[in-house]
Amino acid sequence: MPVPLSPSAEARAFLADPANRNCWEFNASELPTMRADALTEAEACAPALAARHGVTLDWEDVAGIRSLLITPESWDGKAQLLYLYGGSFIMGSPLEDLFISSTLAARTGLQVVSPAYALAPEYPFPAGLNNALSVALALRPCAIAGESAGGNLALSVTRELLAKGIDLRGVALLSPAADMSPQFDPSDAPDDPTLHIPLVEEMPGIYAPGTDPFDPRLSPLYGSFGPEWPPCLITTGTRDRFVGICAQLARAMRASGGYADLRLWDGMWHVFEYYEAIPEAAASLAEIADFLNAHVGTC
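Here the UniProt record's numbering is used: the first residue of the sequence shown is 1, the next is one more, and so on.
One thing to keep in mind: the hints can contain errors.
[Claimed, not checked] Straight-line Cα separation of at most 25 Å, SDA-like style, residue types lysine to any residue; simulated pairs:
| no. | residue 1 | residue 2 |
| --- | --- | --- |
| 1 | Lys78 | Glu287 |
| 2 | Lys78 | Asp61 |
| 3 | Lys164 | Tyr222 |
| 4 | Lys164 | Gly205 |
| 5 | Lys78 | Met91 |
| 6 | Lys78 | Ala116 |
| 7 | Lys78 | Gly297 |
| 8 | Lys78 | Ala294 |
| 9 | Lys164 | Asp212 |
| 10 | Lys164 | Gly223 |
| 11 | Lys78 | Lys164 |
| 12 | Lys78 | Ala286 |
| 13 | Lys164 | Leu137 |
| 14 | Lys164 | Arg107 |
| 15 | Lys78 | Asn130 |
| 16 | Lys78 | Ile166 |
| 17 | Lys78 | Pro190 |
| 18 | Lys78 | Arg159 |
| 19 | Lys164 | Asn130 |
[What the hints assert, rightly or not] Pairwise CB distance ranges (calculated):
| no. | residue 1 | residue 2 | range |
| --- | --- | --- | --- |
| 20 | Gly165 | Ala19 | 48 to 54 Å |
| 21 | Ala13 | Ala63 | 26 to 32 Å |
| 22 | Glu10 | Lys164 | 40 to 46 Å |
| 23 | Ser181 | Tyr123 | 32 to 38 Å |
| 24 | Glu10 | Leu39 | 22 to 28 Å |
| 25 | Pro216 | Ala28 | 23 to 29 Å |
What the hints contain is simulated information worked out from the structure, not anything from laboratory work. Just so you know, these numbers come straight off a predicted model, no measurement behind them. Note that CB positions come from ideal geometry on N, CA and C, so glycine has one too.
Construct all of the structure, not just a fragment, from the sequences and the given hints.
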């Protein structure tokens, strides 16, 4: 697929660089080193990011789960956003998504709480979901946001909270991995430079071995939606391997009487908001913050 002309020069350069094509395949023996390297890099960048966005970073146990609290100067001491990072359920940490979470904290005035939920394969489904739900029940946040695997968890946590009579003001989902079933064929999806097809195909078995792939807790797309659902913003791109899933999710929400705002970015790939050097990332995060500001209000 040729590089489209409409994205920014930075995005076009990213797409044209072969070094940005993720061809990594799952190897359990490599995970500890990959996680450690990613965390080391994130820790080095964190102070500058926090200073630039005017937020403080603190670690605290919430419901027994180590969590990063990202607090903007304008925080009112009450309103919180639960943020769930991505990483295919096997990678990721609160610090690695700090560009996204600190931007949202600065632009919304919400304290962002990002729990270090359990990762597979050491802790398979539903360990990570249970961690995220425990934190949500302890916080009772105004809103929830998540990207990729974190978007999957955000959907499932929202459904669990609603079942317990706990309302949310809004949900923001960045390229959510809402369908882990065989119904989703990644080979039919766009040419995404950051999601390698074999990894996408292997992930359900690594994350949730022996689980019914249509279980709504694993594949939230197949759960019920209704007018009781909070307003939802979904962002994706025309190159996102999950763009079809995002479209189906928005349709399912609307068909059940819910509010779903699907934002499709031309030429963008899976969770492009993660890439700080891409102007579209900041632009999309600004729109997400505007959505949260409009719906959270005085929580």
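**OP:** Against the structure, test the hints numbered earlier, and report the numbers of the ones violated in rising order.
**Re:** Hints 4, 5, 14, 17, 21 and 23 not satisfied by this model.
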